[in-house]
Each structure stands twice: as C-alpha cells, then as structure tokens.
Amino acid sequence: MFDYAGEAVETGDLIIYAARVGNRVRVSDAVVEAIRWTRAAGRILPEVKVQPTGVDSGWGTGARKTLRTEWISPEHMRLKTAGFAND
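For the sequence shown, our numbering begins at -7 and goes up steadily by one.
It is possible that some hints are incorrect.
What the hints assert, rightly or not - With a Cα cut of at most 27 Å, we get these calculated DSSO-like pairs of lysine-lysine:
#	residue 1	residue 2
1	Lys57	Lys41
2	Lys72	Lys57
3	Lys41	Lys72
What the hints assert, rightly or not - Restraint ranges, calculated between C-beta atoms of paired labels, are given here:
#	residue 1	residue 2	range
4	His68	Thr3	34 to 42 Å
5	Glu(-1)	Thr61	17 to 25 Å
6	Lys41	Glu(-1)	12 to 20 Å
None of these hints come from the bench; they were simulated from the model.
Note that the Cβ used here is the ideal one computed from N, Cα and C, for glycine as well.
Please model the entire structure based on the sequences and the hints provided.
Here it is, written out as structure tokens:
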C-alpha cells in the first residue's frame, strides 16, 4: 500500500496521520500494525491498523487520553520512517 505521496507503507513503519479531536484535527505519529482491504459500496478500500506513539500536534487540543490501536483510512497518512518497529 502507498501513502498520499506514493511512498510504500508496510507493517512496522512509522507514519503521520490526521486524527480528530472533538471539533478539531491534530497530526499524530503512529506505528503501522496491520493492513487490510475491505469492500464498501462496490469498491475495494485499504485500511491501516495503527498504534499511536503519543506524539501529537496541537497545544490547544489537550493530551491524548488513550493510546488504543485504531483502524484508519490511508488517504491522509504520510510515511515518516520506514522499518521503524523492525529496528
């Protein structure tokens, strides 16, 4: 799978993605745990399971309450470090 700039993303990579916080958006770092493809509305769409690292933007959004894993759409993610968790 690829990020929005065309860089290949695999499990274990460190990515940056947009995360909602109430009515705002912050940028968060996360490690890719899994990649899957789902069918929705007749299309095959990718989903990425990520584990946030706790490094987030936004001084006015407050601290992240939990570091739970979540499934995200890769349309707003960007590769930061390839093989981050494999080192």
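Against the structure, the hints come out as follows:
no., hint, result
1, Lys57 <-> Lys41, "holds, 18 Å"
2, Lys72 <-> Lys57, "holds, 23 Å"
3, Lys41 <-> Lys72, "holds, 16 Å"
4, His68 <-> Thr3: 34 to 42 Å, "violated, 19 Å"
5, Glu(-1) <-> Thr61: 17 to 25 Å, "holds, 22 Å"
6, Lys41 <-> Glu(-1): 12 to 20 Å, "holds, 18 Å"
In this structure, only the earlier hint numbered 4 is contradicted, and the remaining ones agree with it.
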